[in-house]
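A.B. asks: Sequence:
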Amino acid sequence: MESGYGDGLQGECLRKPDQTQPKLYGVGDPTATFSSDSSCLSSRGRVIKWFWDSAEEGYRTYHMDEYDEDKNPSGIINLGTSENKLCFDLLSWRLTQGDMLHVEPSLLQYPDWRGHLFLREEVAKFLSFYCKSPAPLKPENVVVLNGCASLFSALATVLCEAGEALLIPTPYYGAITQHIYLYGNVRLAYVYLDSKVTGLNTRPFQLTVEKLEMALQGVSSEGVKVKGLILINPQNPLGDVYSPEELQDFLRFAMRHKLHVIMDEVYMLSVFEESLGYRSVLSLERLPDPQRTHVMWATSKDFGMSGLRFGVLYTENQHVATAVASLCRYHGLSGLVQHQMAQLLRDHDWISQVYLPENHARLKAAHTYVSEELRALGIPFVSRGAGFFIWVDLRKYLCKGTFEEEALLWRQFLDNKVLLSSGKTFECKEPGWFRVVFSDKENRLRLGMQRMRQVLEGQSQVVEDASPCHTQEPQSQPR
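Counting from 1, position 130 in the sequence shown corresponds to residue 130 in the UniProt record's numbering; the numbering is continuous, with no gaps.
No lab work stands behind these hints, which were simulated from the structure alone. One or more of the hints may lead you astray.
Restricting the straight-line Cα-Cα distance to at most 27 Å, the calculated cross-link-like pairs of lysine-lysine (DSS-like) are [what the hints assert, rightly or not]: (1) Lys196 with Lys417; (2) Lys85 with Lys417; (3) Lys429 with Lys400; (4) Lys196 with Lys400; (5) Lys364 with Lys417; (6) Lys258 with Lys225; (7) Lys71 with Lys85; (8) Lys400 with Lys417; (9) Lys400 with Lys364; (10) Lys429 with Lys225; (11) Lys211 with Lys429; (12) Lys132 with Lys364; (13) Lys429 with Lys227; (14) Lys85 with Lys441; (15) Lys125 with Lys138; (16) Lys225 with Lys211; (17) Lys417 with Lys441; (18) Lys138 with Lys258; (19) Lys227 with Lys138; (20) Lys196 with Lys396; (21) Lys417 with Lys49; (22) Lys71 with Lys396; (23) Lys429 with Lys71; (24) Lys49 with Lys71; (25) Lys227 with Lys211; (26) Lys211 with Lys196; (27) Lys396 with Lys85; (28) Lys441 with Lys364; (29) Lys258 with Lys211; (30) Lys441 with Lys400.
Please work from the sequences and hints to get the whole structure.
C.D. replies: Here it is as structure tokens:
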């Protein structure tokens with residue numbers, strides 16, 4: 001298995017920015033260049049602007065032409081951004097109840113930078129209950145920030161020296177690249193996975209300890225120091241989960257090499273297929289190396305509140321907790337939001353009896369609809385019932401099987417007013433994979449799938465007219 005690392009930007013940006021392109025991985029259009037209008041910026045400022053220019057094109061285009069059933073019916077349908085838009089009715093009711101509307105002097109003053117104690121106590125109780133921890137979790141191990149993007153940035157900065165790396169299996173949520181690089185100058189070391197199924201009890205894009213070992217050896221041989229491992233569970237974009245046995249194997253691998261483990265569990269309550277048997281790392285009886293295991297969670301996915309910006313770090317390492325808390329000066333939450341989040345998280349009756357059952361039912365129905373549409377088109381995909389997305393294999397629509405063709409297909413979707421996320425943005429090693437988000441209302445899903453079908457029918461004709469050409473046989477079956 002190949003290994004490689006995203007080295008961010010190895011040198012400073014030159015004064016003629018349009019003549020130099022940083023060597024970055026997993027973000028945006030690989031043909032993007034610096035703008036000549038950015039000469040007023042520092043070299044760091046140019047890198048930051050480059051990320052925005054290259055990684056946000058589709059998202060910016062969508063916001064300039066957003067679909068609205070009444071005001072803009074020909075606008076762009078967004079099946080690319082992983083947000084849960086299915087439960088606004090439930091959430092708007094809960095967030096406007098009387099217990100949410102409260103002000104007292106302490107909420108208007110500077111808090112403990114880790115977060116108000118009343119909130120950290122509720123977070124500890126919430127995680128203890130929903131993660132099924134074997135012992136009650138402690139509020140002193142909790143730090144709250146304004147989202148997991150800030151948490152990634154803070155953890156990378158306090159755990160790694162500039163230029164060091166964190167291992168991450170690919171495909172992965174590509175925005176992590178900029179989360180850890182822009183402030184901390186920390187790199188990603190890729191553990192490349194592929195869709196091949198090699199035998200019984202294996203699955204597409206399966207991570208193993210052997211692949212981790214090979215990637216670590218490959219990066220270390222290049223003189224790059226690896227300080228940790230990032231694991232996303234449930235997995236984005238695969239919609240899969242790691243078994244408890246796999247988690248223990250990965251944690252023991254990290255302990256052997258004295259690596260920190262950053263566990264991103266932001267989709268932990270969005271597993272709508274009970275047969276998957278999801279387990280949080282906090283549910284394990286004994287962590288191999290608790291001082292180097294750091295768990296992240298947020299309300300953005302499980303509660304459909306990506307605009308509210310609330311993220312949680314749980315770590316038994318008080319040095320890490322204190323260092324991250326210091327950065328909360330820049331990434332903290334208002335007192336009013338902290339009060340609202342405490343009220344929400346303590347309401348286990350509403351969460352367990354009303355919200356989660358209905359949310360899971362709606363996710364499952366939306367997933368079923370999109371899955372059936374994909375099967376009708378004869379499109380293979382990977383999805384096992386977790387998260388908001390299906391990992392779709394469109395390799396048969398590429399004539400030569402290149403990332404350039406993948407980018408052109410992505411552009412065709414956008415031109416036909418449907419936004420998807422291409423495999424390259426997740427650093428997938430195989431051209432032709434796309435992530436399709438299904439956690440949206442039926443009318444938008446139906447229209448989005450119609451627009452996808454139109455593009456793919458046209459592309460099928462292009463590939464047929466260009467034959468004989470090199471096409472790849474799908475290696476993963478619909479699940």
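A.B. asks: The structure should be examined with respect to each hint, and the outcome stated for every one.
C.D. replies: These are the hints, each one checked on the structure:
1. Annotation: proposed proximity of lysine 196 to lysine 417 is violated, straight-line Cα distance about 32 Å (limit 27 Å).
2. Restraint check for lysine 85 and lysine 417: satisfied, since their Cα atoms lie roughly 19 Å apart, inside the 27 Å limit.
3. Between lysine 429 and lysine 400, the direct Cα distance comes to roughly 15 Å. Compliance with the 27 Å bound is thereby established for this hinted pair.
4. With a C-alpha separation of about 19 Å, the suggested pairing of lysine 196 with lysine 400 holds against the 27 Å cut-off.
5. Only pairs whose Cα atoms come within 27 Å are accepted, and lysine 364 paired with lysine 417 is accepted, the gap being roughly 25 Å.
6. A C-alpha spacing of about 12 Å is found between lysine 258 and lysine 225, which places the hinted pair at or below 27 Å, so the restraint holds.
7. The suggested pairing of lysine 71 with lysine 85 holds, with an alpha-carbon distance near 19 Å, which does not exceed 27 Å.
8. Our distance criterion of 27 Å between C-alpha atoms is met by lysine 400 and lysine 417, whose separation comes to about 25 Å.
9. Simply put, lysine 400 and lysine 364 have alpha-carbon atoms about 35 Å apart, too far for the 27 Å limit, and the pair is violated.
10. For the given pair, lysine 429 sits about 23 Å from lysine 225 by alpha-carbon distance, which is consistent with the 27 Å threshold.
11. Among the hinted pairs, lysine 211 with lysine 429 is consistent with the structure: their alpha-carbon atoms are about 14 Å apart, no more than 27 Å.
12. Under the criterion of a C-alpha separation no larger than 27 Å, the hint pairing lysine 132 with lysine 364 is consistent with the structure, at around 23 Å.
13. For the proposed pair lysine 429 and lysine 227, the alpha carbon gap of about 23 Å is at most 27 Å, so the pair holds.
14. For the suggested pair lysine 85 and lysine 441, the alpha carbons sit about 7 Å apart, so the restraint of at most 27 Å is met.
15. The suggested pairing of lysine 125 with lysine 138 holds, with an alpha-carbon distance near 8 Å, which does not exceed 27 Å.
16. As the CA atoms of lysine 225 and lysine 211 are separated by approximately 18 Å, the hinted pair is consistent with the 27 Å bound.
17. Our distance criterion of 27 Å between C-alpha atoms is met by lysine 417 and lysine 441, whose separation comes to about 17 Å.
18. Annotation: proposed proximity of lysine 138 to lysine 258 holds, straight-line Cα distance about 24 Å (limit 27 Å).
19. Restraint check: the Cα-Cα separation between lysine 227 and lysine 138 comes to about 26 Å, which is no more than 27 Å; the hinted pair holds.
20. Taking the CA atoms of lysine 196 and lysine 396, the gap is about 16 Å. The hint holds against a cut of 27 Å.
21. Distance restraint check for lysine 417 and lysine 49: the Cα-Cα separation of roughly 26 Å lies within the 27 Å cut-off, and the hinted pair is therefore satisfied.
22. Distance hint between lysine 71 and lysine 396 is unfulfilled; the C-alpha atoms sit about 36 Å from each other, more than 27 Å.
23. With a C-alpha separation of about 40 Å, the suggested pair lysine 429 and lysine 71 falls outside the 27 Å cut-off, and the hint is violated.
24. At roughly 32 Å between alpha-carbon atoms, lysine 49 and lysine 71 are farther apart than 27 Å, so this suggested pair is violated.
25. A hinted pair counts as satisfied when its Cα atoms are at most 27 Å apart, and lysine 227 with lysine 211 qualifies at roughly 17 Å.
26. Restraint check: the Cα-Cα separation between lysine 211 and lysine 196 comes to about 14 Å, which is no more than 27 Å; the hinted pair holds.
27. The straight-line distance between the Cα atoms of lysine 396 and lysine 85 is roughly 31 Å, outside the 27 Å bound, and the hint therefore fails.
28. At most 27 Å may separate the alpha-carbon atoms for a hinted pair to count; lysine 441 and lysine 364 meet this at roughly 12 Å.
29. This hinted pair checks out: lysine 258 and lysine 211 have alpha carbons roughly 17 Å apart, not beyond 27 Å.
30. Note on lysine 441 and lysine 400: the hinted pairing is violated, with a Cα-Cα distance of about 35 Å set against a maximum of 27 Å.
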